Amino acid sequence: MTESGARRIRLSIDGLAVEVDAGTTVAAALVVSGARYGTRVSVSGEPRAALCGMGVCQECRVTIDGRTHALACQTLCRDGQRVRTRKADAQ
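Numbered according to our numbering, the sequence shown spans residues 8 to 98.
Derived from the structure by calculation, the hints contain no laboratory data.
Note that the structure is predicted; figures quoted are calculated from it, not measured.
Any given hint could turn out to be false.
[To be verified] Ranges of calculated distance between the beta carbons of each label pair, as one might list FRET restraints:
1. Ala29 x Leu58: 21 to 29 Å
2. Ser51 x Arg17: 19 to 27 Å
3. Arg14 x Ser51: 14 to 22 Å
4. Arg17 x Gly52: 28 to 36 Å
5. Gly41 x Gly12: 24 to 32 Å
6. Ser49 x Ala13: 30 to 38 Å
Where is the CB? At the ideal position from N, CA and C, for every residue including glycine.
The whole structure should be built from the sequences, with the hints applied where relevant.
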């Protein structure tokens, strides 16, 4: 637990271990990890990132524990969760 009393959890984003407070969304964990982008690209090939934060735009889609097209802004982080972004898929 942190000084504020929040429980910390660990997940993996593109193979990088990330630790966040319980209750953090995957979209927020992406920002913390520096990944920033999901799996979407624009028609011109530019990477897309979370825009609306409420699941409407679907720009924050990532792969979570093998499930593709999961909305990062609507998914809470869990201990041991594995998140993959377009960056990882391109490698």
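Each hint tested on the structure:
1. In this structure, Ala29 and Leu58 meet the distance hint of 21 to 29 Å, their C-beta atoms being roughly 25 Å apart.
2. Distance hint check for Ser51 and Arg17: the Cβ-Cβ separation is about 36 Å, which falls outside the suggested range of 19 to 27 Å.
3. Remark: the range hint 14 to 22 Å for Arg14 to Ser51 is contradicted by a beta-carbon distance near 42 Å.
4. Checked against the hint of 28 to 36 Å, the pair Arg17 and Gly52 passes, with Cβ atoms roughly 33 Å apart.
5. Our hint of 24 to 32 Å for Gly41 and Gly12 holds, since their Cβ atoms are close to 26 Å apart.
6. Roughly 36 Å separates the CB atoms of Ser49 and Ala13, a value that falls within the hinted 30 to 38 Å.
Comparing the model with each numbered hint stated earlier shows that hints 2 and 3 do not hold.
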